[in-house]
Structures are given as structure tokens and as C-alpha cells.
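Student: Add chain C to chain U, keeping to what the hints say.
There are 2 protein chains.
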Amino acid sequence: MRRWNGWGDETIDVEMNADALGFLEARIGPGQAPTDASFEQACAAIRASRLSPHPLVDTNTSVRALHALGQSLPDWLRLRHGRLGAVPDGVAFPESADQVRALLAYAAANGAAVVPYGGGTSVAGHLTASLDQPTLCIALTRLRAMRNLDTESQLASFGAGVTGPDLEAQLRAHGYTLGHFPQSFEYSTLGGWVVTRSSGQQSLRYGRIEQLFAGGRVETPAGTLDIPTFPASAAGTDLRELVLGSEGRLGILVDATVRVTKLPDYEAFHAVFFPDWDSAQRAVRTLAQARLPLSMLRLSNAVETQTMLALAGHKRLVGVLEKWLRLRGCGEGKCMLLVGASGNKGQARAALRAAFAIARGERGVHIGKGLGERWRHNRFRNVYLRNAAWRQGYAIDTVETALDWPGVNGAMAAIEAAAAQALGEHGERVHAYTHLSHLYPQGASVYSTFVYRLAGDYETDLARWRSLKSAVSEAIVASGGTISHQHGVGADHAPWLEAEKGHLGLEAMRALFNRFDPDGRMNPGKLVLP
Amino acid sequence: MRRWNGWGDETIDVEMNADALGFLEARIGPGQAPTDASFEQACAAIRASRLSPHPLVDTNTSVRALHALGQSLPDWLRLRHGRLGAVPDGVAFPESADQVRALLAYAAANGAAVVPYGGGTSVAGHLTASLDQPTLCIALTRLRAMRNLDTESQLASFGAGVTGPDLEAQLRAHGYTLGHFPQSFEYSTLGGWVVTRSSGQQSLRYGRIEQLFAGGRVETPAGTLDIPTFPASAAGTDLRELVLGSEGRLGILVDATVRVTKLPDYEAFHAVFFPDWDSAQRAVRTLAQARLPLSMLRLSNAVETQTMLALAGHKRLVGVLEKWLRLRGCGEGKCMLLVGASGNKGQARAALRAAFAIARGERGVHIGKGLGERWRHNRFRNVYLRNAAWRQGYAIDTVETALDWPGVNGAMAAIEAAAAQALGEHGERVHAYTHLSHLYPQGASVYSTFVYRLAGDYETDLARWRSLKSAVSEAIVASGGTISHQHGVGADHAPWLEAEKGHLGLEAMRALFNRFDPDGRMNPGKLVLP
Chain U
2 MRRWNGWGDE
12 TIDVEMNADA
22 LGFLEARIGP
32 GQAPTDASFE
42 QACAAIRASR
52 LSPHPLVDTN
62 TSVRALHALG
72 QSLPDWLRLR
82 HGRLGAVPDG
92 VAFPESADQV
102 RALLAYAAAN
112 GAAVVPYGGG
122 TSVAGHLTAS
132 LDQPTLCIAL
142 TRLRAMRNLD
152 TESQLASFGA
162 GVTGPDLEAQ
172 LRAHGYTLGH
182 FPQSFEYSTL
192 GGWVVTRSSG
202 QQSLRYGRIE
212 QLFAGGRVET
222 PAGTLDIPTF
232 PASAAGTDLR
242 ELVLGSEGRL
252 GILVDATVRV
262 TKLPDYEAFH
272 AVFFPDWDSA
282 QRAVRTLAQA
292 RLPLSMLRLS
302 NAVETQTMLA
312 LAGHKRLVGV
322 LEKWLRLRGC
332 GEGKCMLLVG
342 ASGNKGQARA
352 ALRAAFAIAR
362 GERGVHIGKG
372 LGERWRHNRF
382 RNVYLRNAAW
392 RQGYAIDTVE
402 TALDWPGVNG
412 AMAAIEAAAA
422 QALGEHGERV
432 HAYTHLSHLY
442 PQGASVYSTF
452 VYRLAGDYET
462 DLARWRSLKS
472 AVSEAIVASG
482 GTISHQHGVG
492 ADHAPWLEAE
502 KGHLGLEAMR
512 ALFNRFDPDG
522 RMNPGKLVLP
Chain C
2 MRRWNGWGDE
12 TIDVEMNADA
22 LGFLEARIGP
32 GQAPTDASFE
42 QACAAIRASR
52 LSPHPLVDTN
62 TSVRALHALG
72 QSLPDWLRLR
82 HGRLGAVPDG
92 VAFPESADQV
102 RALLAYAAAN
112 GAAVVPYGGG
122 TSVAGHLTAS
132 LDQPTLCIAL
142 TRLRAMRNLD
152 TESQLASFGA
162 GVTGPDLEAQ
172 LRAHGYTLGH
182 FPQSFEYSTL
192 GGWVVTRSSG
202 QQSLRYGRIE
212 QLFAGGRVET
222 PAGTLDIPTF
232 PASAAGTDLR
242 ELVLGSEGRL
252 GILVDATVRV
262 TKLPDYEAFH
272 AVFFPDWDSA
282 QRAVRTLAQA
292 RLPLSMLRLS
302 NAVETQTMLA
312 LAGHKRLVGV
322 LEKWLRLRGC
332 GEGKCMLLVG
342 ASGNKGQARA
352 ALRAAFAIAR
362 GERGVHIGKG
372 LGERWRHNRF
382 RNVYLRNAAW
392 RQGYAIDTVE
402 TALDWPGVNG
412 AMAAIEAAAA
422 QALGEHGERV
432 HAYTHLSHLY
442 PQGASVYSTF
452 VYRLAGDYET
462 DLARWRSLKS
472 AVSEAIVASG
482 GTISHQHGVG
492 ADHAPWLEAE
502 KGHLGLEAMR
512 ALFNRFDPDG
522 RMNPGKLVLP
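Which chain is which? The protein sequence lines are U and C, in order. Yeah, the first sequence ends on 531 if you go by this note's numbering, and it's all consecutive. Yeah, the second sequence ends on 531 if you go by this note's numbering, and it's all consecutive.
Chain U with its partners taken away, still in its complex shape:
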């Protein structure tokens, strides 16, 4: 069963080992285990639904509670403290586009806002219900079947509510993969990926969801938008691009066709260490600009490298590795690069060899597949550490952006410094570390993680998060970064969107959404503020 107030499945616990805990305590002080509210306590404050009865709409309190929030830190605070705030007045689980249309009409008749719900994994406040009007949550859970697989065009069509594992399983049965693996993969959905412009860990090979999304159907208050598939087109505005990143503001994506590829014959993840950040950063830029057919490049800064090695357990083995690396010039400030390649074995291995040669040019030390395979094994498990940290009294939050190369180092430093200063004003320290999660010829995404102590009461913890979020978002914008590279905007990032879109850009988005949703009932308060 899925956890109602944390990440993932209740049967999966990833523990923090004593060494890792000691590592954190030394940096930010000992944590104090908080007390969580029970599900019953959280549900107790939920008010009666304001929606009229409808055969497709479930107004049961527990169903409404389970669809009220995502996985952002303020969402967690509301869940853990049993202070859900606004929850949807009802949740529907449509099984067809017709039912979605009927539900939109029902919402209009009820004067209700509509919040689409995919996997509930948003970390940017995409799912919050409206306080001012009744809210209907439309969960896409039951729209998950593969409708069609065209192996000639390598196109597959799915109900947009299909989750990552379900989608990959349906494709794998035919020898295909989408290759889209965000960290939320186990719960997030195809539709959610599209409307938040998601990026997977192996986007270097498979592309971002923008490149994978080929067409589909959107049900909007103004009618149905059918987007046909073409390999490419010069026919005016690309309608796919209106749906990508629309975050529910113009309608509900019910059906999506995606570009798939044959399962790779071969896949490997290797680790390379560099003596310091500057050489590592130069190496990954050269690698990205060499356009080698790799599937992943992921570079951790020195503190993240140290943290990953501390969290790995196996203290003795890590000690041996570090000693060996030190002899090869990778000591205190060393940075770890993970390099993945997938596909035809010959091509993939040639790409890896070329990558290692470039890395050697910056004194990179290739240590083989051990740590890379370990990363692969844990790629969807590391996120469970948020649960473990919470139990020890620590919050883990992340932010991410992307910038052209000249801005990358400055942004990383500014984001980490802003976090330290923001929490310093609350008398707290932060353990901040960063990796470049996606590498492009033009620049990189900068993904920072913050570990800091929970106070244990809702108001104080919300205030800490607000200070942190505001400070790092300001730092991102001031550094010239986008407010999100892969998580989307939601409610949490919306105040910083104008910095990159400009007034006129936001106005264009408003005009667009307004044409599809003249009453402004689709996911109000998200993405573009009124």
C-alpha cells in the first residue's frame, strides 16, 4: 500500500545507517524525531463536500484526503501535521474521454475548480485544492491502457494516467521502451510528465518528454483538442507545445502517443572521479559538446560526492576506494561523474571509451561499473531516504534549474549560499549539495539538495521552508536560471515565472489558457498567477 504521508510503498524502508547519521549530525546538529498525525486525525478536519452528487464522483473523506496533496515539503508538513487545509470536494476516476467531458460539464454546473491528478508526485504544489470554490479532483488512474503500438513508426498510445512501471511493462512485452525515467518514475504518470515537461535520468539518449510526446487528446472546457502525430511539421504553431507544461490550466490530457524505441541490447553505468569541480565541469561540458551517443551524464559536486559515499555504508570498502583515488590525484575535493550508455553494444561501448578518453584529459579516473551499477540499482530507492531522514528529525528538500554554461558555477554557489543564509536566519545549518543532472551542449541543469533539521511544529517548519524556498528561488532567478528544469511551476514556483517569461509572455499564456478555459476553472492558482 502506498504511504499516505510520505514517499512510496509502505513495505519499503530505506534506513539511514549510523555512519550516515553521524555524518549529518556533525554537519547540522542532532535531529529530533517528530510526531506524525494519524490518517484519522488528518481526515477529522475535512469539511462536507460542496459538490452535488454524481455517480462518478467519490466524496468519501479518505479518498479526498488521499488526493489532496503531492510530495513537496509544504505538502509533507500538511500531511505529517494532519493539517490538510483545502482538500478536493470530490474525486472522480473516469474510464473514458467521454466521462472526462461529462465531469468537466459537471464541474461547470457546480461552479467547481478542477484539479487533474496523475500520480500525486508533484514537488511544486500542482495539486492544491481551491479555497474559494468547490474543487473536483479528476484522477487519471483508470486511464492507463496501451491502446495501440505501431512498431513501424515506433509510436505507442496510452491512457495518460499510466504510471511509469505500468507503461514500461506494457511496452517491454513487445520489446520496446519509452526510456523516460524521472526519479518519481514508480508513481508518476505519462500525462503528468507531459504537462509538467518532465525529464528522465537517461534523457541524453531518449530525449526529454517534449521530444517523446508525439500527439494526443486533451479534453478542455471549450471542447476536445485532438493532436495528430507527424514526424515533423512546419504548419504554424505546434499544438503539442501548448499542452506541454500546461499543468492542467487548459484541460486534461486523456490520451498520449509517445515515441518509443527498441529495448537496448546493452546498458551500462560507469563512475569516473575528478580531482576537483573545475576539471570535472570542464570535462562534462566537453563530453556534452562532443555529442557522443551516451544515455546519461550526472556530475556530483564535492559535497554530494562525499555525502553519497557516506550514505553508501560499506565504510571499509569506501575507505579503500578513497585511498586508491587519493593516490591517483582525487582527494578531498573529488567529484563523481556517472556515465551511462545504452543501445547497440558496439556503439555504446565505443561511446563509453570516447567518454573515458575525454575524462582522462581532465585527470578523470575511471573506476569501472561498481558505483554506477549501485546507482542504477538504487535509482528509484534513494527518494525513500526522505522518509528515513524525517524519522530522524531531518527535512530533505530539493530545487533545480538549468542555465547556459557561463552561469552554471555561479548559480550552484549562489543557490547553496542562499540556502545556508536563509536557514541561518532561523538559527539552523543546512547540509547542501548539488549535482548537474542533465548535460547539454548549451549548459546544464543544477539540482541542489538541502538537508536541515525539523523543528517539529508546523508553523516553524513551514516558515523555515518558506525562507529557504524564497531565497533559493531568488538566487536562481538572479543567476539567470529557469525556475524549473524538470519539476514544473505549480503554485510554489509561480511567483518567479515572470522573471523569465516577462509580462507579455505571461499575458500570452493567460490568453491561451483563457481560450480553452474561459471560466478559469482548470487548476487555478498554478503556473500563471491571476
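Derived by calculation from the structure, the hints in this document are not laboratory data. Cβ atoms here follow ideal geometry from the backbone N, Cα and C, with glycine treated the same way. Heads up, a few of these hints could be off.
Partner residues aside, some chain U positions facing chain C, computed with beta carbon under 10 angstroms [what the hints assert, rightly or not]:
#	residue
1	48
2	49
3	53
4	260
5	529
Tutor: Positioned in the frame of chain U, the structure of chain C alone reads:
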């Protein structure tokens, strides 16, 4: 000096050899050399400008005539017959964004429509002036400087009026290339490429203009839209996508930043022949789906292959080649594939070897670099054949679309048959042939050329073209293709846009353009009909 009523520079003539002429005569009958109007005759009917005087606006008749039309066949008919019809009332050559803004204000004060003019190479009627209101043509000619080259991010910023050769020369001086080579390259402009979603001959390596356009500045009646550059972003609507394919409807792109790459160390174009279309088509699909790092795949059908060999001259050499090919199984219905690779020599040659191996699996016969290099040499000269054919009394027109793989063969057959039937109704034959100009894992572009006889009088030739254009456009839409893969929509394709966008899709485009251009003065009548 540039030809005022045909393609290219007056000093360049590409002649049709006697064999080629005989080849055409045998197929569609002898042509009769038409009589062209002189430039003075064409200008004589131009009425006085309806615009008020402005220091930036040239109302000289000849300047207005030279900016009245593009390169579509109906544009040629108007030029050749000296029946220009509506011409702009004035032409401005702004040197800054400030001047563009001033000109937009001036147009508003004059109640004038605004037609942006790049290189005047449109083949879809993008440049036609308005009949109902005064028209100001804003030519971007003087906005052509490279403002910035950021070699760290591989980004270059240019005035949007820069032409292909000028852009490449400015980059080449620093060791970089954009790699965007549409057939119109010699005259078409960066801004034109962006707003019509252009695709270059080597887009397999460099990407379409959509992938190359990183940001820029658009001056619109509602204000300035500045689009910053990011390597990627999940922050809502991608503003670049609102500008791409906008065809002047929302404003004027004055400045564009593009993703450039280092000049390749190595570049080669090879030819491979296949015994028939089916094996050739299967081979290119396999090649595209193998995602080899090639720079070009271009497959001619049997009639195009035969035509290219006939046009090549060198009858004896072609005879030897054909004999040699026949011995290897490529006889009557043989199809020629051009394969290009660029970049690092080792990687490019490995990709070519892998490509030839795949081709062999479909009985493809690799004949080396001769014809490929010949194609490279003539890549921007073949378009001059339109002039030569005209002098012999023949029209050459083209259409193009793109489709998922299952539709490719049917569309090709339907387009060629529609052309034959349409001209048959005029008692004329057509010589129609096709190539797949751009190959994608998902499908291909289908690019058809039609050669048919000119009647020599304007009305008859316009009627022939209208029948042809309408029939092939209907065939494209009925086959499930996009109305344009690389030429854009303009006025000529606008009636068929709703077939792919749907009513709601068009309405969304209208709402978007209306927000930037509430008075509807920007390039009216193009892209989206009122």
C-alpha cells in the same frame, strides 16, 4: 544582382542540356518559350502609396515591386506576366529594434498591415500585400550582424535578417557552423527560418530550426517579447514555440540566438542504389530507427532517380554506371539514396560503415562518393533549373509533407496521382517525382516535384497551378500528412490547416496572435484565415 522575376543571381545560369530536354519532351510534350514582362512594365501598374511619408519608409515604385512577392509559382506568374497585383505601399529597412518598434507604431497610425520580409524566398505566399488596407513591408535586410558568440555555451546571436551565407561566414571565422542548409540557403534568413519552421538538408545531424533556435527578441504591436536562453526548461509554455511557425502573425523577430557547433573535421556524401522502392524505403526506415550519427538521408523514388541521372548530363558515364548497377540487381526501378555524415572523422566513418551494412541487408549497392559529392556541389544550384525550365516553357513546382511511416508510400502515390489528374483535366501531362527529404524514426517527409507545360497566358497558367495545388493539398490531407514539413503555411496552404489543427487548435492560434496583435495588422491572410 538578384533576379527580380526568378531564382538567384543574374550571373548564374544553369542550362538544361539537350538530353534532359528530350527526356522532358518525351514525357510531357514540347514546351513553348513564354514571353516575360519587363521590370518597367511590371512596375507601371503600381499605384501611388497610401502611406504617409516617414524617413524610414521607401515608397519608390521599384523598391516596392522588388518586395512584393516570393518564389511560389503564382508569385512567379505575377512577376513574369507583369501583373504584380497588390504591392506594399512602402518598404522600410530598419537598423535596430527601436526602429522596428517605431515602424510598428507608424503602421498603426496609418491603419496599415505589416508584412515582414526576410529573404523573399517563400514558396507559400507569405509576402503578399493586403488589398484592403495600406501595407508596410518591413525588410530585415540590415539587421544581420552577429552580436555575440558564446563559445562556452555554443550560442550565437544575430540580427534576424542575416542570410545563410552571411551567417555561416561570420561563424566560420571563429570555427563554428549553424549547419542549417535549406535549399533556399543563399537568400533565406535566420528570422525567416524560425518563423516558418524551416528544416535544412543536414537536419539529421544539426536538427531542425526548432532545435537550433534558443531565444531572441520579438517586437510586437503589444510590446517587446524577450525570450531568454536556457539549455532546457520545465517552466510552463515554451515561448520559443509561440514564435516558431508564427509567420509574422504576432510580431517581428528582430534578433535570434542559435545553437552552433564546431565546424566538422570531416564531411562526406555517398550514394547507394536499391533495386526498387520497397527495399529502399525499408532500408531508410531501418537506418533512421538505428539512430546512427549521420547528417543526411535523402531517398529518391525511381522516377526522380531516373530524372536526376538524365539531368546530370555525362550520358556515357551514366550509361556505364547504369550498366554496372544492372549487373548488381539495380535496373529499371532503381532508387538512389544519398547518405551524408559529418563530424569527428572516426565517428562519421563508423556511422557510414554501419549505414552501408544496413543498406546491404536490403540489396543496396554502395557506389562511393561521386554522385554524393556532385549533389553537394550542386545543392544550391539545382534550384536554378526553375529558371532554365521556364525559358523552355516548363513550370516546376513542388509540394512537401511529412507522415508517420505507414502513410508514406500511400501519400507519395496519392500526391503524384492527384497532380496527374489535376493537370489531365487541363489536357496536360505532368512529370512528377518524389524524394523523402528528411528521415525520422517515426516517419519521413515526402517532397514531390511537378514539371508541366506553361500555357503562356496568365489566367490559364494560374488555373493550372490552382488545380494542381488544390489537388495535391487535398491528397496530402486525405493521406494524413501535415500541410507542410518545411515550407510553412502562408496564404497558399492556409485553407488546409484546419484539417490538422482542428477548429479549437486554430482558435487557440487566433487567441495567441490576437494577444500580441489586437488590431490584426501583422501579416493578415497568412497562416490562419480570419
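Student: Take the hints in turn and mark each one as holding or not.
Tutor: Going down the list of hints, with the structure as the test:
{"no.": "1", "hint": "48", "in the structure": "violated, 32 angstroms"}
{"no.": "2", "hint": "49", "in the structure": "violated, 35 angstroms"}
{"no.": "3", "hint": "53", "in the structure": "violated, 28 angstroms"}
{"no.": "4", "hint": "260", "in the structure": "holds, 6 angstroms"}
{"no.": "5", "hint": "529", "in the structure": "holds, 7 angstroms"}
Violated hints for the displayed structure, listed by number in ascending order: 1, 2, 3.
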